[in-house]
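Asks: Protein chains in written order, with the numbering used here: chain A, 1 to 380; chain B, 1001 to 1380.
Some clues are possibly wrong.
Said to hold, decoys possible - Distance condition first, Cα-Cα at most 30 Å in a straight line; then the derived DSSO-like pairs of lysine-lysine:
hint	chain 1	residue 1	chain 2	residue 2
1	B	1379	B	1287
2	B	1087	A	228
3	A	130	B	1252
4	B	1003	A	252
5	A	328	B	1228
6	A	307	B	1003
7	B	1003	B	1307
8	B	1287	B	1002
9	B	1003	A	228
10	B	1307	A	228
11	B	1252	B	1130
12	A	252	A	46
13	A	97	B	1307
14	B	1328	A	87
15	B	1097	B	1087
As the list claims (entries may be wrong) - Across the chosen pairs, the derived CB separations fall in these ranges:
hint	chain 1	residue 1	chain 2	residue 2	range
16	B	1326	A	228	38 to 44 Å
17	A	347	B	1306	52 to 58 Å
18	A	365	B	1039	19 to 25 Å
19	A	228	B	1030	20 to 26 Å
20	A	347	B	1030	16 to 22 Å
21	B	1258	A	148	21 to 27 Å
22	A	359	B	1030	21 to 27 Å
23	B	1117	A	158	40 to 46 Å
24	A	359	B	1261	51 to 57 Å
25	B	1039	A	310	17 to 23 Å
26	B	1310	A	310	29 to 35 Å
FYI, nobody ran anything at the bench for these hints, they're computed from the structure. Note that CB positions come from ideal geometry on N, CA and C, so glycine has one too.
Spelled out from the first residue to the last, the chains are:
There are 2 protein chains.
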Amino acid sequence: MKKYQLMAPGPTPVPSQVLLAMAQPMIHHRTPEYDALFVEVRAGLKRLFQTTQDVITLTCSGTGAMEAAVANTLSAGDRVAVVWAGKFAERWIEIAKVYGVDVLELRAPFGETVEPARVAEALAREPRIKAVLAQHSETSTGVLHDVRAYAEATRRTDAILIVDAVSSLGIADLPMDAWGVDVVVAGSQKGLMLPPGLAFCALSEKAWAKARTSRLPRYYFDLAEERKYAARNEARFTPAVSIVVGLREVIKMLEAEGLANVFQRHDRLARATRAGAEALGLTLFAKATPSPALTAIAAPDGIDGEKIVAAYAEAHNITIAGGQGEMKGQLFRLGHMGYATEVDVIIALSALEQVLADFGLPVDFGSGVRAAQKVFVEKS
Amino acid sequence: MKKYQLMAPGPTPVPSQVLLAMAQPMIHHRTPEYDALFVEVRAGLKRLFQTTQDVITLTCSGTGAMEAAVANTLSAGDRVAVVWAGKFAERWIEIAKVYGVDVLELRAPFGETVEPARVAEALAREPRIKAVLAQHSETSTGVLHDVRAYAEATRRTDAILIVDAVSSLGIADLPMDAWGVDVVVAGSQKGLMLPPGLAFCALSEKAWAKARTSRLPRYYFDLAEERKYAARNEARFTPAVSIVVGLREVIKMLEAEGLANVFQRHDRLARATRAGAEALGLTLFAKATPSPALTAIAAPDGIDGEKIVAAYAEAHNITIAGGQGEMKGQLFRLGHMGYATEVDVIIALSALEQVLADFGLPVDFGSGVRAAQKVFVEKS
Chain A
1 MKKYQLMAPG PTPVPSQVLL AMAQPMIHHR TPEYDALFVE VRAGLKRLFQ TTQDVITLTC
61 SGTGAMEAAV ANTLSAGDRV AVVWAGKFAE RWIEIAKVYG VDVLELRAPF GETVEPARVA
121 EALAREPRIK AVLAQHSETS TGVLHDVRAY AEATRRTDAI LIVDAVSSLG IADLPMDAWG
181 VDVVVAGSQK GLMLPPGLAF CALSEKAWAK ARTSRLPRYY FDLAEERKYA ARNEARFTPA
241 VSIVVGLREV IKMLEAEGLA NVFQRHDRLA RATRAGAEAL GLTLFAKATP SPALTAIAAP
301 DGIDGEKIVA AYAEAHNITI AGGQGEMKGQ LFRLGHMGYA TEVDVIIALS ALEQVLADFG
361 LPVDFGSGVR AAQKVFVEKS
Chain B
1001 MKKYQLMAPG PTPVPSQVLL AMAQPMIHHR TPEYDALFVE VRAGLKRLFQ TTQDVITLTC
1061 SGTGAMEAAV ANTLSAGDRV AVVWAGKFAE RWIEIAKVYG VDVLELRAPF GETVEPARVA
1121 EALAREPRIK AVLAQHSETS TGVLHDVRAY AEATRRTDAI LIVDAVSSLG IADLPMDAWG
1181 VDVVVAGSQK GLMLPPGLAF CALSEKAWAK ARTSRLPRYY FDLAEERKYA ARNEARFTPA
1241 VSIVVGLREV IKMLEAEGLA NVFQRHDRLA RATRAGAEAL GLTLFAKATP SPALTAIAAP
1301 DGIDGEKIVA AYAEAHNITI AGGQGEMKGQ LFRLGHMGYA TEVDVIIALS ALEQVLADFG
1361 LPVDFGSGVR AAQKVFVEKS
């Protein structure tokens, strides 16, 4: 017997108490029971997003909410700047192209970040830029972009800042209102510890103003229409009821721990994972600020990253992730987000030591684990 | 204690064994485990849709799949005919308008149907009509439209027939290929007995050909892209994994019963419900062929339909549904689809007798139940 461990950067494990809450009998979404549930969830989402704005709940994956962010705030022919340093940035570009939105690519090599000064310069050079699109945590490279500084650049202009926080909400601090982020997009299956199927989109007043003049077609993803229903505490279309039920439990768990502690926990898990990997002589893929959600590690010379992923699965029953797109084979990614604690890091690093040894690399057994433990015993 | 009964026309109750299957630990969607699951589910969906085509699975509610059907097969300025005899037909019209698709309204009073001859005439009169959009079961009125005859009209032309089967798939027979229906849209939360959050869209070769020339923008709902991933047995974006796990169980249940028996069960439940309502002196809202998914009953003179819904909830802990839009107050709707059997009809009718008596109407207690029992004891 090998206990199954889901350690990919999303979907992430769902706590048993949440799974069981979702296994309760189905309720209808136009009833007093759902009404009470949705009031509670909507209030909790505002606290998680650190905003006074309504957080719009959509039944879709995070990509659907990314599309909603574009389709509701822009028009064909608009110019936008995309912070492009990973695969998920390419998703912004693909969505923009589908809608005839013109993209200025602010590119950096994968594993690096785009300096905020470049964003500010682009906005100054091209005042017609309507929006800056970025990831907070770029899940493909394990880099955390400096969204706070991007917001400082956009808030001085007429442009809005649209942030994919799919792998940062409930993981890294992202005070939407305080930082002046205009659109925050998130999903259910990362920091929120839920099954995939719900996504979220919160808009600032500046972004809602753009929504009033945006001319792109949208129906299922029409955020202004959804907001009208939310004002009556309703979902416009049949929502993913069971995941909303789970969300209530997750909000309770996160708030019992305290948001600041949640962020600190992720930071410690990430630091411990990085310390463990480096103690084993491995190189982190992220050259810029690493994300607290996951750690991307360069595959050792001569070993295909996909083979490391396969070895984790076959020898240890652990699901991790490899590289995406052109990064395939170059790296492997360990998730430590959502329902993740110290034991998960120990498991991941202990298995890593064994995997590396199985590939014939010299390994000082316990050295990766020890490096992580040292992080854990530090006073936080 | 009053046992809770969900008897609305969707979401419908989820069998406990399915709830518990979905409560299993989360798995990742790019693993051999998901691969095996998705192979099984995709094959099962083809059998449920009675098609050799791939059934595209989307993470959204049924409305998202309706939008996908339009956005993938049409272009701005195209002319379509909409069979409009209920609230869900209005959803087709709203979606068409958002995308600049021009609508010929084939209207009938709510509770009635649009005769197939009118569809054929419209196609003959306006050869530029690219598509006919209809509901199979119109959930707002409880009418089953004659989709088979609509398909006979469209298959002789270049137009495609797009059918919302959200409340008919797995409930009423709809052999997509045999009848020549070009697009079938369905959701997880009706006949498929699952929580809401998954939707489906199957296209005929004729519809896929239209998709190749369609110029409407779509990204999350791009069916041709999704089909490419399906050909590799993958979901393009993170799918609602837990509902897909539930779907495997549901397919097993439906196939153990046998599709023909499933349709027959729904037909018997519907006939029994109608017989019970009529025995109580009530009038069915549907003047045309009634849907086997639900029974819409006109509110008795002087009683607001919403009050009947409230009485069911308050006195009996049963969720039913009222009228939608301009039908609000005029009717109430009893669902008997998905995980529904004879006992549910007996419960619904027994409660109905008590509700009517509470409103001061003369009721021969047991007469509605008796009428249903007579249907149940008939040789089927």
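Asks: Could you see if the CB distance from residue 1258 of chain B to residue 148 of chain A stays within 21 to 27 Å?
Replies: Roughly 60 Å apart at Cβ, these two residues miss the hinted range, so it is violated.
Asks: Taking 40 to 46 Å as the hint, is the beta-carbon distance of residue 1117 of chain B and residue 158 of chain A inside that range?
Replies: At 56 Å between Cβs, range violated.
Asks: Do the alpha carbons of residue 1252 of chain B and residue 1130 of chain B lie within 30 Å of each other, as the hint requires?
Replies: violated, 37 Å
Asks: Sort out whether residue 228 of chain A lies within 30 Å of residue 1307 of chain B, counting only the CA atoms.
Replies: The hint holds at about 25 Å.
Asks: Are the Cα positions of residue 130 of chain A and residue 1252 of chain B separated by 30 Å at most?
Replies: violated, 51 Å
Asks: Using the C-beta atoms of residue 1310 of chain B and residue 310 of chain A, is the stated range 29 to 35 Å upheld?
Replies: Check failed, 58 Å falls outside 29 to 35 Å.
Asks: Check the following: the C-beta atoms of residue 359 of chain A and residue 1261 of chain B are separated by a distance inside 51 to 57 Å.
Replies: holds, 55 Å
Asks: Is the gap between the beta carbons of residue 365 of chain A and residue 1039 of chain B within 19 to 25 Å?
Replies: Given about 39 Å between the Cβ atoms, the range is violated.
Asks: Quick one: are residue 1039 of chain B and residue 310 of chain A within 17 to 23 Å, going by C-beta?
Replies: holds, 20 Å
Asks: Decide if the proposed pair is consistent with the structure: residue 1328 of chain B and residue 87 of chain A, CA atoms, cutoff 30 Å inclusive.
Replies: violated, 48 Å
Asks: Verify the proposed pairing of residue 1379 of chain B with residue 1287 of chain B, using a straight-line Cα cut of 30 Å.
Replies: It holds: about 26 Å lies between the C-alpha atoms, which stays within 30 Å.
Asks: For the pair residue 359 of chain A and residue 1030 of chain B, does the Cβ-Cβ distance stay inside 21 to 27 Å?
Replies: Holds: the Cβ-Cβ distance is about 22 Å, inside 21 to 27 Å.
The structure fails hints 3, 6, 8, 9, 11, 13, 14, 16, 18, 19, 21, 23 and 26 (numbered hints given earlier, in ascending order).
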